[in-house]
Structure formats: C-alpha cells, structure tokens
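Construct the entire structure; sequences and hints are all you get.
Residues per chain, in single letters:
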Amino acid sequence: MTLKKILFLLIMGAFFASCEIYNFAEPNGAIYGSLMDNITNETLQSEQPEGFNIKLYEEGGRMNSPIIFSGKPDGTFENAWIFQNEYKVIPTEGAFFPVDTAVVKVGDRTEVNFTVTPFLAVTNVSVEAGSGKITSSYKIVRSQIGDKIVERKTLVSKVPTSNNVVFDFKSQTDLSETDDADILATQYTDEVTDLTSGKYYVRIAVRTDNGLNKYNYSKVFPVTIP
Amino acid sequence: MKNKLIYFFIMLSLLIFNNSCNDDKLDILPINILTDDQIFQSEAGIEAYMASLYDKLPLDGFNRIPILSNSTDESMSYLGNAKLTSISDGTWFPWWGYDHIRNVNDLIGKLPTANLSDSEKSSLLGEAQFIRAFYYFGLGKRYGGIPIIKEVQNFTGDNIAALQVPRNTEKEVWDFIATELDEAASALPEINVPGRATKYAALALKSRAMLYAASVAKYGSVMLNGLVGIDPAEANKYWQASYDAAKLVIDSGQHSLYMKNPDKEINFTELFLDNDNPEAIFSVYYQYPDKTHRYDQSNLPFSIRAPTGFSSGIGPYLELVEQFEYVDGTPGTLKLKNPDGSPIFYEDPTDLFLNKDPRCLATVIVPFGTFRGTVIDVQAGIYDQGVKWEAGDETSLYNLTTHQPDNENGTIRIVGVNGFGSGSVEKTQTGFYIRKYLDYNMAQSRAASSDQAWIVFRYAEVLLNYAEAAVELDKISDAKWATNEIRDRAGIKLLDDAEVTLERVRHERLVELAFESHRWWDYRRWRISDKKLNNVRFTALKPYYDVQADAYRFETAVAGRWHKTFDAKAYYERIDPGEIAKNPTLIQNPNY
Numbered sequence: 247m248t249l250k251k252i253l254f255l256l257i258m259g260a261f262f263a264s265c266e267i268y269n270f271a272e273p274n275g276a277i278y279g280s281l282m283d284n285i286t287n288e289t290l291q292s293e294q295p296e297g298f299n300i301k302l303y304e305e306g307g308r309m310n311s312p313i314i315f316s317g318k319p320d321g322t323f324e325n326a327w328i329f330q331n332e333y334k335v336i337p338t339e340g341a342f343f344p345v346d347t348a349v350v351k352v353g354d355r356t357e358v359n360f361t362v363t364p365f366l367a368v369t370n371v372s373v374e375a376g377s378g379k380i381t382s383s384y385k386i387v388r389s390q391i392g393d394k395i396v397e398r399k400t401l402v403s404k405v406p407t408s409n410n411v412v413f414d415f416k417s418q419t420d421l422s423e424t425d426d427a428d429i430l431a432t433q434y435t436d437e438v439t440d441l442t443s444g445k446y447y448v449r450i451a452v453r454t455d456n457g458l459n460k461y462n463y464s465k466v467f468p469v470t471i472p
Numbered sequence: 003m004k005n006k007l008i009y010f011f012i013m014l015s016l017l018i019f020n021n022s023c024n025d026d027k028l029d030i031l032p033i034n035i036l037t038d039d040q041i042f043q044s045e046a047g048i049e050a051y052m053a054s055l056y057d058k059l060p061l062d063g064f065n066r067i068p069i070l071s072n073s074t075d076e077s078m079s080y081l082g083n084a085k086l087t088s089i090s091d092g093t094w095f096p097w098w099g100y101d102h103i104r105n106v107n108d109l110i111g112k113l114p115t116a117n118l119s120d121s122e123k124s125s126l127l128g129e130a131q132f133i134r135a136f137y138y139f140g141l142g143k144r145y146g147g148i149p150i151i152k153e154v155q156n157f158t159g160d161n162i163a164a165l166q167v168p169r170n171t172e173k174e175v176w177d178f179i180a181t182e183l184d185e186a187a188s189a190l191p192e193i194n195v196p197g198r199a200t201k202y203a204a205l206a207l208k209s210r211a212m213l214y215a216a217s218v219a220k221y222g223s224v225m226l227n228g229l230v231g232i233d234p235a236e237a238n239k240y241w242q243a244s245y246d247a248a249k250l251v252i253d254s255g256q257h258s259l260y261m262k263n264p265d266k267e268i269n270f271t272e273l274f275l276d277n278d279n280p281e282a283i284f285s286v287y288y289q290y291p292d293k294t295h296r297y298d299q300s301n302l303p304f305s306i307r308a309p310t311g312f313s314s315g316i317g318p319y320l321e322l323v324e325q326f327e328y329v330d331g332t333p334g335t336l337k338l339k340n341p342d343g344s345p346i347f348y349e350d351p352t353d354l355f356l357n358k359d360p361r362c363l364a365t366v367i368v369p370f371g372t373f374r375g376t377v378i379d380v381q382a383g384i385y386d387q388g389v390k391w392e393a394g395d396e397t398s399l400y401n402l403t404t405h406q407p408d409n410e411n412g413t414i415r416i417v418g419v420n421g422f423g424s425g426s427v428e429k430t431q432t433g434f435y436i437r438k439y440l441d442y443n444m445a446q447s448r449a450a451s452s453d454q455a456w457i458v459f460r461y462a463e464v465l466l467n468y469a470e471a472a473v474e475l476d477k478i479s480d481a482k483w484a485t486n487e488i489r490d491r492a493g494i495k496l497l498d499d500a501e502v503t504l505e506r507v508r509h510e511r512l513v514e515l516a517f518e519s520h521r522w523w524d525y526r527r528w529r530i531s532d533k534k535l536n537n538v539r540f541t542a543l544k545p546y547y548d549v550q551a552d553a554y555r556f557e558t559a560v561a562g563r564w565h566k567t568f569d570a571k572a573y574y575e576r577i578d579p580g581e582i583a584k585n586p587t588l589i590q591n592p593n594y
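Just so you know, the sequences run in chain order S and A.
397 is the number that my numbering gives to position 151 of the first sequence; each next residue is one higher, with no gaps.
481 is the number that my numbering gives to position 479 of the second sequence; each next residue is one higher, with no gaps.
In short, the hints are calculated from the structure, not lab data.
Glycine included, C-beta positions come from ideal geometry on N, C-alpha and C.
You may find that some hints are simply not true.
A partial selection of chain A residues facing chain S, derived with a Cβ cut-off under 8 Å [said to hold, decoys possible]: (1) S54; (2) A570; (3) N593.
Label pairs and their calculated CB-CB ranges [as the list claims (entries may be wrong)]: (4) S/L249 - A/K6: 19 to 29 Å; (5) S/P295 - A/N227: 24 to 34 Å; (6) A/R66 - S/E272: 39 to 49 Å; (7) S/P468 - A/N401: 49 to 59 Å; (8) A/T558 - S/T439: 53 to 63 Å; (9) A/Y221 - S/E272: 30 to 40 Å; (10) S/K465 - A/Y221: 31 to 41 Å.
Which bits of chain S does chain A cover? Going by a derived footprint, with three or more residues having C-beta under 8 Å, they are [unchecked claim]: (11) 410-423; (12) 453-465.
Structure follows, in structure tokens:
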C-alpha cells in the first residue's frame, strides 16, 4: 500500500516537475492618440466599430498581417496591449482622405496624433426638441472635393450611441440627384416626428459615394422631449 | 523465466535482421486508390473524376437557401439567436476552392495525353473549363480579384515564392471567366447527359457572371488599385456580354418556360419538382436513398415536420408576400383594413390572397393554406366580444361560454399548431412558411432524405438576365419582351412600354427567383444591401379568429427581436487570414 503511494507520488512528481516556467513577458506597450478633423478643428466624429481602423505594422514582424483595431466614436484610439517596438501606424478605412503613415517608437504609453481631411463635415448644427418631434438644422461643408455627396440623415437614438446602425428614429434624404454646389450652399433642416417624451441622442450623418460607405457625423446632441 | 529470455532474443534478432534499409520495399502503390494513369487513360475514369469536380461546384444550393434567404428581406429564421437572425458580416459564406481548382487544372493538363478521340477530348475539355469558370465565379463574386491559377502548382523544395501568387484584379477575373466560358460553350454539346454541362449551361453561367461584372463596374467602387472594383467605363461591355450570351440561349430554342399545367399555381409548383423540365438548363440531381438532401426536413411547416425533427427553417416576411402583385398588375399590398381603419373579416382566411400572382401561393404557404392535405393553421389568437386573447401555446383552449381561457372545458384553440403563441419556438415567426421546392409528393416519414433536383440555371433566369442587361443598355423593347414572357407564364398582366423600367425588371427578378439563393447576391451586386438592410426589422402577418363574426381578421406586427444591418464592407468577403499567412502577397479586402 505504502509502496503504491510512494510510486504514485513519484510519478506525479515526475509529471509536474518536468520543466521550468517557460513564458514570455506579456505586451507592456501602449499607443493612443486622436484624429483631428481639419475642418472643425476638433476630433473626427465617427462610429464604433467600423468607424475607422488603426493599422500597426510591427518592425521585424514576420507576417504581413498588421495589428488592426477600431477607433472610438469620438475620434480617439488606444491599444494598450502591444509590444514596445517600432511601428508603422496608419489610420485607415474611415470617412477621410488617405493620410501618410507615421513611424512611431512605441514605449510604455506613447501618444500619436493625426490630422485628417474628412470627406465632409457637419457644421452650424442646432438641434431643438418640440412636442413629439426633433428639428435639426445644419450645413454640410468640405475642404477637398472627393466623391459625390449622396445622403444626409438625422438619427435619433434612445441610447447615447447614435450612428448609422444604432438609431430608433431617423429622417433620411437622398442627395444623389442634387448638385454638390447646391448641397454645400444649403442650410438643411430635418424633422423627426412621432417621438414619445423622454431623453434622446441626436446625430447628423452625411455621406459621399465612397467605396466603403463611411459616414461623417456631427457630435451627439442629447435632447429631452417634454 | 528462461522462455521469456529466449523470446526476448528472438524478437531482438528479428528486429535487427529485418531492419534492412531497402528504399523501395515500403514505396508501394496503395491498392485502394486509383492512380492518375489509371484515371486519365479511360473514359470511365475521367467521368468518375469529373463527378468529383461537379460535386464541388459552389452552388448555393439547398443547404444554403435558408441562410441566404434569411440574410435578406425575404425571410427570417425562427431562432431567437442574434447570430442566426442577423446577417453576414462578410465572413459567413467563404469559399476558397483552390484545392478543387488544382484538381480541374490537373485534368485540363493531362487531357491532351489521354487515350481518347479528339472529339471526346474537346468536349471533356469544354466541360472542365465550364467547371473551372464556375469555381472562379464562386471566388469572384465573393472576393473580387483573386489569383488566377491555370496550371497545377508543384512544390519542388525551394520554390515557395513562385507558389505565392498575388491577386489578379477583379476585371481580370471576370474577363478570364468570360473567355473560359466562350471556349467551353463552343466545345460543349447542345444536349448532354442529365447533370452534365451543355453549351447552354456555359452560356447561362456567362450571362449571370457578366451581370455581376457589369453591376460591380456600374454600382461599385474601385479600391486597392483594382483588386476590387471595375472602371465604370467597362460596364456597358459587360452588360452587352450578358445580353449576347442570354440571346444565344434564347435563340437556340433548346429551352423554354415550363408550361405543362394550365393551372398557373400548380404549374409554378411543379416547375421545381418535375425532372422532365424544358426550363432546366443545368441541374444537380439527387436519388433516394444514395444521394439525398435535407431541404424538406429543414423547411417543412412545424405540424407536418419530418420524424427526425427540425422544421420551419424559413419564415417569409409579409413584405415578400406583398411584393407579388395582383393578377391585374396592381401592387400586391394585402387588404387588411377598411378605409375607416376597421378590420376586414374573411370567412375563409385564404381569401385574403385571392387574385394574387399565382406564383405567390406557389412560393409561400400562407396562413391556413393547405400543404399535402393539411391546413397549416397559423393563428395568433382570438377576438371574443372585442377582447383579444393570444396567450398560451397550441394546447391552450378557450371557453366560449365563460369567455375565458380554460384548458379544462375549453372548446377551441387560442393559437394555431403551426404558429404564434408561446409554445415551441420552432415555428414561423412571420405567419408564413416556404413552399417553393418543397416536395408535396413525398411521404412525411421520408422528409429527412429528399431527392428533388436543384436547378442551377433555369430558362426564366436567362430571360431575366437578358431583361436586366437590355434595360441597362436601353434596349427597352427587348427588356419588355423578356419580362412579359415571365409575366405571361406566371399569369399576371403584361407590362406596357412605359412600365419597363430598371426597377420593374429587377422587381420581376426578385419575385420570380425568390428563395433560389439569388437575392443576397443580387442586392449585393446592385450595392443596395446596405440601404435595404439598415437597422431594420420586417413584418409578420397575424391572423385572429373573431368569435362573433365567425371569421378571421388580420394584424401586422414586427417580426423577431433582432435588427438586420448589412455592413458595406461585406460587399466583398473577408479573405481567410490563414490564407494570407500562407501567402503574404495576398492583400486583404478593405475593412477586415
């Protein structure tokens, strides 16, 4: 009996004592920053996920697959779990014209900011709540001519996340038949009706005919319907 | 003990003496696998090989109908599962069939040395090219530009770089498919054994593929330097190619619309079940019990499901039903309410669908419609003395004397066996079931092993390809003729010149080809998926039995909990990151 116990312990010992702890240090670098919209001079209004992506190509990385992560709706981004190394950083797949790659030595927590030219921007925005309805007024502007302007929307959501896929009510207008010059010269007004009383989050979305159908957004305006 | 030692030494000596390092001894050919030489030197061998190639065609056949239809505004799944009631994010329908392309390339490479006559070789080569073009069509419609591999690649020990072929442009892929199909069409016979490609199968595929290419050029965007997208200036060339290919099929007279039964509804049902079908240009055949599929098992209504379980895989939306016009050509909106807002009562609930396009009742089973002799009782509840009762499941009863739900002494059901109520969720969530392709001749007990054929290309699709290409090319009279051929066979009013618009032609296509795995791809190539499916839920039709009126009234309701949103990146599928790891020259599609 004792022999069996001893044997068992020996075997278990052999089983567990075989190798030393063999592991790599976990990633301890971080990169963060923001995309500045050069029309509004504020951070680029976007959505999450899919609003825009940051691609990181690690120096000496063996494969060509980059580290890809989504930016946040307010135009900032952060990835706090990468190795400290040199990276090529490029913001991409968002509603802005291509920007140059930045080469960044990422340390403990490194900031990198980009200035982008959005396809469009929404300015001069006002949002008013009436009884059972919301009226928005805004202007579409751009600083660089790109694809045709095709669409404008006023999105109304019951949750603070308000974007092209998260909304409860909307007003949507097709602009594909309207001349761009006329669009840019107009102060638009949208009305979203049939709302019950409560708190809503309103956002304007406008889109050019870009390949990935990305929208440019206004800020989120919280309003309360009496 | 001594014996053990002897045995030990005998074993040891055997090991030592038999351990000769003769190279050839173990290098014997497997006796259960045919070698290339055996296969490629006989016609029977090549036919067997060909069968394995056909088997891998990316068809979107019976197994894909539910998920593709439920990813559009055609229908939804009964499952309350977010993923299964949502739609693809561009990673659901991958097909990276380069293993099959290698097999067909191997055949094409070895055919010239096969022990066959020149005419046999030429026909088989055409068949192989048709199959290869079909494979590339499956890739092109998903990924855009992909590497075009025409010959078998072999690893020689140090040629990895040569095997890592970068992506061709999307234009090159569609042009390659067009050329291959032209060659295939000229080599293939007009009539072939059922299940094998003919000249007209190749032309039908070409007319479909060129529609896809033209749509990408006209409605898509060029990205990644042309790896995806085509210059819009090329669009007319592809519309024309589609038009020409379809015209060759039409002018040949080899195929015609199925019109065996004078009853239009029965005719449109039989079209999908009759194997002796002049409309079928290329089909995949099944034969019980050797090769079967599970279309009926997945999609039969709940109460007549197969003994193996499952059912109700497709719940058509009210929107789809209303897309079918009335026979007089008026829009198909159902008449649920009087102008003053009060409900219209129907003594026979199926009268709601009177004078609808006969294809409607052949495509879906409507509430209280009859299938295989069973009334499919989809009932959402009861109205008694103006009070609506809809609680419970199909076992809940209602007492007409006490005017209360009463499982003890009740006499009538509150909700139907086939739908609504809180019972088993494995029932339609929309009020409708699919009927198209369901085999009503087959015994319920056998429904887990169906053997009706999958029609890959039918003449009606070719007519619709022709109509779409024609209307895009502004050949209105051609578009009108082809669309009216379809409408005439269906049994609805023909279009006049002014009505022939792109919208009407597309509408005819959506209705005629509903639940044939077209709509997902059609919306996608027209680049309207993200508009049609933007945070939306669609509609259910709920029938209520009104006790006082002794008749049925209908209400509509939002169907399902989950919203459908198509993400614009899914206009191209994601290339599997594993493939990119193997071949770093592959560039991923945008936004993955």
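Going down the list of hints, with the structure as the test:
no. : hint                        : in the structure
1   : S54                         : violated, 33 Å
2   : A570                        : holds, 4 Å
3   : N593                        : holds, 5 Å
4   : S/L249 - A/K6: 19 to 29 Å   : holds, 24 Å
5   : S/P295 - A/N227: 24 to 34 Å : holds, 26 Å
6   : A/R66 - S/E272: 39 to 49 Å  : holds, 42 Å
7   : S/P468 - A/N401: 49 to 59 Å : holds, 51 Å
8   : A/T558 - S/T439: 53 to 63 Å : violated, 21 Å
9   : A/Y221 - S/E272: 30 to 40 Å : violated, 46 Å
10  : S/K465 - A/Y221: 31 to 41 Å : holds, 32 Å
11  : 410-423                     : holds (count 4)
12  : 453-465                     : holds (count 6)
In summary, the structure is inconsistent with hints 1, 8, 9 from the numbered list given earlier, while agreeing with the others.
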